[in-house]
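So the sequence lines, in the order shown, correspond to chains H and R.
Reading the first sequence from the start, the letters are residues 0 to 177 in numbering that gives the first Met the number 0.
Reading the second sequence from the start, the letters are residues 0 to 768 in numbering that gives the first Met the number 0.
Heads up, a few of these hints could be off.
To be verified - Each computed BS3-like pair below joins lysine-lysine, with the alpha-carbon atoms no more than 25 Å apart:
{"hint": "1", "chain 1": "R", "residue 1": "Lys416", "chain 2": "H", "residue 2": "Lys72"}
{"hint": "2", "chain 1": "H", "residue 1": "Lys120", "chain 2": "R", "residue 2": "Lys73"}
{"hint": "3", "chain 1": "H", "residue 1": "Lys155", "chain 2": "R", "residue 2": "Lys416"}
{"hint": "4", "chain 1": "H", "residue 1": "Lys120", "chain 2": "R", "residue 2": "Lys425"}
{"hint": "5", "chain 1": "H", "residue 1": "Lys132", "chain 2": "H", "residue 2": "Lys83"}
{"hint": "6", "chain 1": "R", "residue 1": "Lys493", "chain 2": "R", "residue 2": "Lys310"}
{"hint": "7", "chain 1": "H", "residue 1": "Lys83", "chain 2": "R", "residue 2": "Lys763"}
As the list claims (entries may be wrong) - Partial selection, computed: residues in chain R whose CB lies under 8 Å from chain H:
{"hint": "8", "residue": "Arg423"}
{"hint": "9", "residue": "Tyr426"}
{"hint": "10", "residue": "Thr484"}
{"hint": "11", "residue": "Pro486"}
{"hint": "12", "residue": "Arg488"}
{"hint": "13", "residue": "Asn497"}
{"hint": "14", "residue": "Ala500"}
{"hint": "15", "residue": "Gln505"}
{"hint": "16", "residue": "Asn515"}
{"hint": "17", "residue": "Glu758"}
{"hint": "18", "residue": "Phe762"}
No wet-lab data here; the hints were simulated from the structure.
Beta carbons: idealized from backbone N, C-alpha and C, even for Gly.
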Amino acid sequence: MFHRIIIYFLTASLTVSALIYFSLPLSNISDEHKFYVSTSNIEFNPNSGNLEIIQRVFIDDLEAVLSARYGSKIKLAAVNEPQKNAEFIRRYILSQWRILSDDQELALNYLGDEYDIDQIKIFIEVPVKEAPKVLFIENKTLFDLTSDQQNVIHAKVGDQRRSLLLFSENPNGVLNFK
Amino acid sequence: MLERFRIIAAFFLAMTMVFNLQSQDQEPKPERKPGHYNNNRFKQLYEEFSTPNQYRSASGAPGPAYYQQQADYKMSITLNDALSQIYGEETITYTNNSPDHLEYLWVQLDQNKRARDSKSPLIEASGAFPAKMASSFVSEYMGEGFDGGFKIDWVRDEKGKSLPHTVNRTMMRVEMPQALKPGEKFVFSIKWWYNIPDHTIDRARSGYEVFEDGNKGYVIAQFYPRMAVYSDVEGWQNSQFWGRDEFALPFGDFEVSITVPSDHVLDATGVLVNRKEVFSKEMMRRYELAKKSYDKPILIVTQDEAERASKGFATSSKTWKFDAKMVRDFGFATSRRYIWDMMAVRIGDRDVMAVSVYPPEGNPLWEDWSTRVVASTLKSYSRMTFDYPYHKAISVHAKNQGMEYPMICWNYGRPEKDGSYNERTKYGMFGVIIHEVGHNFFPMIINSDERQWTWMDEGINTFVQYVAEQDFGAAYPEAIAPNETYPSRRGPAKAIVNYMAGDQDQLAPIMTKGLNTFNFGANGYSKPATGLNILRKTIMGEDLFDYAFRTYAQRWMFKHPTPEDFFRSMEDASAIDLDWFWRSWFYTTDYTDIGVADVKKYYVTHKMNSAMREMMQARGMSESDLPPLVYLVEEGSEDFEEYMRTQTLNDVVTLQEFIMDRMTPEERAGLKMPKYIYEVTFEKPGGIPMPIIAEFTYADGSKERITYPAQIWRLNDASVGKIVASEKEIVKIVVDPNEETADIDTSNNAWPAQETVGEFQTFKSLIKG
């Protein structure tokens with residue numbers, strides 16, 4: 000059992016990390032091969048007074064990172080998905096986000112997630128009461144797996160749109176709204 | 000009657016001019032703006048496109064002096080399974096069909112990307128890492144790295160005399176005794192070998208995979224020194240192979256013999272010419288059956304046989320011989336652990352063999368679906384372009400691979416060890432097979448320059464892949480159940496919105512060399528594919544698009560097209576000027592955002608309105624000086640009176656008199672009676688001038704759709720007004736109701752402004768139940 004776990008860990012991490020560190024990344028991307036990008040849309044909902052976050056992450060990347068962190072072979076979106084997977088996902092994702100408004104750390108409310116072909120959509124709600132003027136956003140999702148990971152943040156408050164491109168050397172940024 | 004109209008028209012013109020003059024007098028003189036170039040979004044692409052010439056016509060077709068070079072290969076290849084090395088001797092016959100004298104030839108040495116002195120890793124930015132596999136750390140920082148470059152033993156001319164040659168990384172210049180004149184041939188030979196990489200470790204496009212039982216599956220490509228392309232557009236395409244931008248290769252005929260262990264099976268580009276020598280009698284019998292099986296694959300090598308062979312390790316060898324005509328490349332796959340199946344598929348008036356080669360690790364997914372997917376793909380692509388001209392198409396299962404060569408490709412999609420698989424694995428496998436088999440058309444036959452233009456093969460191929468996926472879902476509903484249509488990831492306009500709405504600093508136009516783009520997948524695959532889908536579904540319509548697309552495919556079948564050849568052919572065969580679309584979608588990072596800014600409702604009346612009254616007073620005129628006029632009164636304005644709501648055009652005296660005086664009863668019967676006049680102002684915060692697809696919903700619940708062509712934006716890029724005369728009251732206007740234009744912000748798409756229930760709220764209400 001132990002043996003198998005190690006083998007899987009090596010294979011999973013190798014395919015991903017080798018890509019990044021060992022040689023040229025993404026060399027056989029002649030097909031519609033995946034790219035190391037997650038996208039998060041953050042929108043302020045004036046009716047509820049919440050920031051609404053939808054984060055999209057590739058399932059196989061998430062699988063690899065959860066397997067590495069929680070030390071067992073984790074297979075997502077399987078036919079009979081074990082209950083504990085949901086908890087692993089929640090735990091991991093929440094630990095990668097930090098959002099501050101006016102120097103106040105905001106509480107993140109993880110609503111749930113759903114699979115969408117090869118991606119997982121994660122829904123997070125952040126109560127802020129009124130439209131934020133300044134948002135500090137940190138998202139380190141999958142930076143612990145590959146330094147090639149980019150997390151794109153699109154934020155919208157009213158008519159104003161701001162974007163951030165986060166990567167491992169630059170895991171956070173500040174967005175100003177009028 | 001005409002005369003009367005002229006008077007009225009002249010009157011109005013005068014009024015307008017007076018009004019404009021007056022308003023200018025009142026305001027301070029504005030500062031004069033400087034002049035400018037033609038920045039119109041509908042300006043023709045004369046500056047971006049190269050000038051048509053004898054080689055490439057303005058129509059987008061090959062010109063009368065079009066030429067292409069030819070490279071014919073005779074190769075003898077040996078695989079050493081124990082050492083994972085490959086050795087080859089090849090003779091290239093190069094024909095100079097160009098009008099130019101060539102002083103030297105350029106040969107591509109793609110494997111040098113994996114040489115120890117490769118510069119590929121040096122151009123990748125790197126940063127500190129929180130954690131790294133020990134093995135990666137050792138190989139990257141402590142060892143010399145894998146030695147995967149070409150070892151060139153010699154380069155000789157026809158007589159065996161050594162030829163001077165210079166290796167510049169992934170390119171080798173071969174110098175000839177004298178310049179090669181137009182029409183001449185040059186024959187030379189190269190002897191080489193290299194260490195085959197484990198493609199699962201460093202993600203090579205080619206290499207081997209070690210199965211759990213120790214056997215290897217080889218998927219071998221860009222394995223021999225290959226001629227570079229010499230053309231009228233690039234001269235020699237000797238841009239180095241850094242690892243990302245793929246290949247540019249001339250067509251030619253191949254005679255290849257490959258020697259592998261005698262217990263291996265092997266399939267490759269080309270016709271297997273010594274089938275009887277390498278097939279057992281039983282395999283021949285099954286092969287004959289497969290040639291007549293149109294509905295299900297027939298196993299040539301069964302799983303049982305593959306597993307039995309896997310237990311041995313032959314020391315003897317066997318040579319497989321292939322002939323391939325008019326191919327731009329050659330690839331092969333071999334292992335003792337391969338299962339092999341085939342079925343026939345009717346394409347036009349010929350039978351083509353759909354083939355799959357896979358280890359037992361691929362089952363049950365591969366035996367169930369691979370060959371069927373290949374067959375379905377060939378049908379779809381043949382319909383969209385031309386009948387598939389080769390005699391077979393092979394899908395080889397290799398872990399994590401997705402890579403294409405003529406007649407053969409490597410594809411991922413591996414079930415769990417217990418044979419179970421999830422939807423993601425299944426659709427990943429379907430999608431990648433369709434995509435890679437589709438590459439037979441783009442770029443293997445419609446031979447664009449991949450090194451320069453990723454989108455010309457990947458983007459166009461991903462577009463046809465979308466069509467083929469939808470076809471496959473319709474042909475095999477059991478394969479996609481419970482979905483009703485194939486869930487394509489790329490193609491639908493909506494799927495590109497996130498990318499196009501992204502940070503402009505991280506976007507590059509499609510017309511950018513792939514190596515220099517930020518988000519390669521979205522830029523080279525999804526965005527061009529989506530653009531073509533929008534052209535097909537929304538802008539041109541399927542009939543006009545498909546005819547033009549087939550024209551392009553057939554014009555450039557077995558030739559080397561450039562982007563302009565595609566753009567020009569699409570316009571030439573459809574009579575639709577698409578320069579504005581190419582400009583915005585391919586040459587810029589602009590995005591679509593169109594909305595409804597304002598809607599004003601007017602009533603028609605014969606009672607003079609205040610605007611007119613003011614003008615009359617200013618000119619000292621009275622109503623009796625005027626010809627009969629009709630007036631528009633905005634609802635809620637000072638001229639508006641409640642009775643207007645219930646009034647019809649019959650109550651507008653001036654209009655009624657005019658109609659009675661001028662028209663016959665028959666003509667009158669045919670008149671429309673619009674009761675409401677709306678002035679709708681559309682806004683365009685986005686750069687792309689898409690058509691305005693406006694859906695009007697009337698008070699009685701009925702709907703009507705009007706599409707204003709993109710050219711409505713030609714004189715005003717920011718907003719445009721449109722009068723809509725309607726017999727029924729309009730209660731709602733929605734722009735792009737089916738989300739087919741990749742509009743990045745739909746919050747301004749409806750009037751009255753609509754509370755859109757977003758994805759987030761939908762999910763929230765779902766979990767609350």
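Going through the hints against the structure:
{"no.": "1", "hint": "R:Lys416 to H:Lys72", "verdict": "13 Å, holds"}
{"no.": "2", "hint": "H:Lys120 to R:Lys73", "verdict": "53 Å, violated"}
{"no.": "3", "hint": "H:Lys155 to R:Lys416", "verdict": "45 Å, violated"}
{"no.": "4", "hint": "H:Lys120 to R:Lys425", "verdict": "20 Å, holds"}
{"no.": "5", "hint": "H:Lys132 to H:Lys83", "verdict": "38 Å, violated"}
{"no.": "6", "hint": "R:Lys493 to R:Lys310", "verdict": "51 Å, violated"}
{"no.": "7", "hint": "H:Lys83 to R:Lys763", "verdict": "22 Å, holds"}
{"no.": "8", "hint": "Arg423", "verdict": "5 Å, holds"}
{"no.": "9", "hint": "Tyr426", "verdict": "6 Å, holds"}
{"no.": "10", "hint": "Thr484", "verdict": "13 Å, violated"}
{"no.": "11", "hint": "Pro486", "verdict": "6 Å, holds"}
{"no.": "12", "hint": "Arg488", "verdict": "6 Å, holds"}
{"no.": "13", "hint": "Asn497", "verdict": "5 Å, holds"}
{"no.": "14", "hint": "Ala500", "verdict": "6 Å, holds"}
{"no.": "15", "hint": "Gln505", "verdict": "5 Å, holds"}
{"no.": "16", "hint": "Asn515", "verdict": "14 Å, violated"}
{"no.": "17", "hint": "Glu758", "verdict": "6 Å, holds"}
{"no.": "18", "hint": "Phe762", "verdict": "5 Å, holds"}
The earlier numbered hints that this structure contradicts are 2, 3, 5, 6, 10 and 16.
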